[in-house]
Amino acid sequence: MSPSIPLQVPTYRGSTDGLRDVPHLDEGVALKKKDFTSASEVRWCPGCGDYAILAAVQGFMPELGIRRENVVCISGIGCASRFPYYLESYGMHSIHGRAPTIATGLATSRPDLSVWIVTGDGDSLSIGGNHLIHALRRNVNLTILLFNNRIYGLTKGQYSPTSEQGKVTKSTPQGSVDAPFDPVSLALGAEATFVARTTDSDRKHLTSVLRAAAEHRGAALVEIFQNCPIFNDGAFDVLKDREQAEARIVRLEDGQVVRSGDRVAVRSAAGGVEMVAEADLAGREPLVHDVAADDPSQAFALARLSEPTMGSVPMGVFRSVSRPTYDDLAREQVAAAQERAGGPATDDDLAALLAGADTWSVA
Amino acid sequence: MSVKQVQRVDRVVIRFAGDSGDGMQLTGDRFTAETAALGNDLATLPNFPAEIRAPAGTVLGVSSFQLHFADHDVMTPGDHPDVLVAMNPAALRSNLRDVRRGGTVIVDSDEFTKRNLARVGYGASPLEDGSLEAYQLHALPLTSRTVEALAEFGLSRKDAERSKNMYALGLVSWLYNRPTEGTERFLRSKFGKRPQILEANLAAFRAGYNYGETVEGFAVTYEIAPAPAPTGTYRNVTGNTATAYGLVAAAHRAGLPLVLGSYPITPASDILHTLSGLKRFGVTTIQAEDEIAGIGAALGASYGGALGVTSTSGPGLALKAETIGLAVMLELPLVVVDVQRGGPSTGLPTKTEQADLLQAMFGRNGEAPVPVVAPRSPADCFDAALEASRIALAYRTPVLLLTDGYLANGSEPWLLPAVSELPDLRVEFTTQPNATAADGTPVFQPYKRDPETLARPWAVPGTPGLEHRIGGLEKADLTGEISYDPDNHERMVLLRQAKVDGVTVPDVVVDDPGAATGEPADVLVLGWGSTYGPIAAAARSVREGGERVATAHLRHLNPFPANLGDVLRSYRRVLVPEMNLGQLRLLLRAQYLVDVIGHNRVRGLPFTSAELAEVVRTHLDELAKELADETISDETTGAGR
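Protein chains in written order, with my numbering: chain Z, 8 to 370; chain D, 655 to 1295.
Hints may contain errors.
If the Cβ cut is set under 7 Å, some of the chain D residues that face chain Z in the computed set are [said to hold, decoys possible]:
1. THR887
2. GLY931
3. GLN941
4. GLU943
5. PRO1077
6. ARG1080
7. GLY1252
8. ARG1255
9. GLY1258
Calculated directly from the structure, the hints in this document are not laboratory data. Built from N, CA and C at the ideal position, the CB exists for glycine as well.
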């Protein structure tokens, strides 16, 4: 699928050593897209946005320069979660909502792996909501790709936690009364250190965001708008039509004024952010995006611009900051304890542990 | 000072009881340590309310610690205390009924105020109304004596009163000739940074000890000789500590890092606490956001090549069920520790029960067999944890380790093992292709099994050339690809079952002293888990009465030992006492078609040996009568022919 509108490739600051401990390919060795393409027949519905995302991932993986066997993709349950089968690397198709828990255990015990989670809006925000926020809070070195199609696909068309209120589906014949989550707001609220939004229809933008997420050290959440042609077709059409997109997409470029068509972002009287026509600024200062700001308030205010009608939809990297990761800290504690004790435990060390402080002998 | 008489006794059961905030668990722990250091055999039973600080002075808030120590091997924490130390009327009220008639009752008379008495329903003070005449009562003003002893430390009355447990410990230590150095050493290490508190506790402890020596009230002190035991070095250990150490030892002997994913839950949390302090042994502990995340992290670590472990108690096991099912499908090693407590639901969080056996066996969707191992005593938790790890690593399967609240918090002397003699649990990760494709190229088949164990290869991420995907969808035999083929599904279900059925477990050993002389018992008492102690003690009592009874104990609940069916069928009657409504009995009847009889109680407490001995005697009497009736009926029939 070719992108109908080109989003600019964002620039980044923040942490960039997410792959620091992952073995890289030898000098002169390069992998190709086909090296990341498994023999499994891809079985998504024709026209599904997942194809574009899979192709983008397979295509950009070689650029990371890491060894293929050190890439692990963990998924939950749902259409998106079939992803690991199609990526030629190590992978686990686990259970509904729990991929972050398994990935946390894996990433904590294996610093030499690049651990990816592929999940959908139902998997990550409904049944797995708890695990998602805690993985983000802990800042485990993971890259989380959240395919958001705003519908339950695999169970054939019930509304999801990102479906707009009033959505008529098989399980909501009179319209859904649930208020939706905004994944970006949720992630920022959970203290995520890297949060971005991109779309299945802009390969270049998608790839650049994925690269930044992979290189980020810590939990990186990427929301990917993804079209479900069967149960929620056209959910993002307003962002794909060139004319409408120009007016609706709010470009997040680090160090640049936040703008959308002829509008720019300014602080609102209520403490948030609003879009006003540049001509009507009347001396108000347009907002300059700072992905590395310590304070996430501005990123959160930008995330709140999103609304179900998609009048203003920020795309790009909302936040990219450096904070110690859970897995690094956990490993450092083990390493420090072993160093203090003079190296890994020997049989004698174990015997001393078992004996404890108070023993007695029977002759 | 008068000369005291020292009396030698062979066994004593002592119970310390007081308010939750009175420090009874600490007092009991210290007395246990002193007793262990003397070489007595012992068993303990802590018993405390689920509330951190239940209302003071009420029966609900009473916390107790019971210790049985003897000059011979001790099987249980004892049925009836010989000595009760009751720090207030509530403690007396809720514990007196257990005390042996003629036993010693030591109370803090300062606490027997009108208000405190009324609060627990005493109309008149039992110290004065003669209701304690059957006991040797020592009503001592422990609180005011403690406050007096600490007058020089400038503490508030309230702070000084806090040391009254140490005063009581000093007194009882004197009464039973316990060494005091260990407790003094312990107090120094605990309060070393707060010299005022340290000195106050030491002074209270010594004052209690000296009080015993000077007061006229105690005519006799007691001495219990060391118990004969196999030679070696011993320590005292609780079940939770032994479980944690067994897991560390297993990882050490396997040469793998240990990763515990866990969520705090009573009475399993001490396993998490203990392991979190053992990073030096390559242990990573992840305190997860919930029970599901705990086991998920453990499984993720196992996928990466660690020994993944999760620890929990009943309700937590329910939450972990789906992930255990995934581990069954993935065929990865995983140890799930369930410290059983009273259920259902939140149930009795601080009390013991054995009612998770069927959940461990069957609590998953689909055919999801899992080996089940259960330790029989606190120290045995170490060996059982090693055994669970052995099975998990060798067979690439989740394993359920079923301890319980009594084992977890109870303690006993442990003969320390030689590390070099622990089982060798080393495993080899697969690094090379294990099959050949039709065109002759070497390929990796993630579900090609070891012909002996039926275990699949453990090829961890990062291994070049063996990239593959696993998951919860049904696997095609050998290749591990997704498969919806009906015949393949049936084959895989049968293979997973055969793998668990094929786990090697030792034969069950029957203790039937008469069998050697051609006089086997008619009744076999079969136990599992923590009923071992009460059953053994009951059998001893029955045999001392001149009757025959056989005992056997199951460590492996799935699969059962190969000889179990023959053992069951070789006795006229098989009695299975369980702290549930007959869960093992159900399994035995289903598998062996033997009419096993149960003795089932769910009071949140271990069986007493006296209770079990009585049950055994009842069955022996019934059988004797049956035999007599059969004889008569045979004769009658014969005569009519």
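> Does the CB of GLY1258 of chain D sit less than 7 Å away from some CB of chain Z?
Replying inline: Nearest chain Z Cβ about 30 Å off; hint violated.
>> Please check whether PRO1077 of chain D passes as an interface residue: C-beta within 7 Å of a C-beta belonging to chain Z.
In response: Status violated, d = 14 Å.
> Can ARG1255 of chain D be said to touch chain Z, with a Cβ gap under 7 Å?
Replying inline: violated (34 Å)
> Holds or violated: is the Cβ of ARG1080 of chain D closer than 7 Å to a Cβ in chain Z?
Replying inline: violated (14 Å)
> Are THR887 of chain D and chain Z close enough, Cβ to Cβ, to be under 7 Å, as the hint says?
Replying inline: Hint on THR887 of chain D: holds, closest Cβ of chain Z at ~5 Å, below 7 Å.
>> Next item in the hint list is GLN941 of chain D. Is there a CB on chain Z closer than 7 Å to its CB?
In response: Violated. Min distance 10 Å.
>> So, as I understand it, the hint says GLU943 of chain D touches chain Z; can you test that by seeing if any CB pair is closer than 7 Å?
In response: For GLU943 of chain D, the interface hint holds, since the closest Cβ of chain Z sits about 4 Å away, which is under 7 Å.
>> A closest beta-carbon separation below 7 Å is what the hint needs, so does GLY931 of chain D meet it against chain Z?
In response: Status violated, d = 9 Å.
> With 7 Å as the cut and Cβ atoms as the points, is GLY1252 of chain D at the interface with chain Z?
Replying inline: violated (36 Å)
The structure fails to meet hints 2, 3, 5, 6, 7, 8, 9 from the earlier list, while all remaining hints are met.
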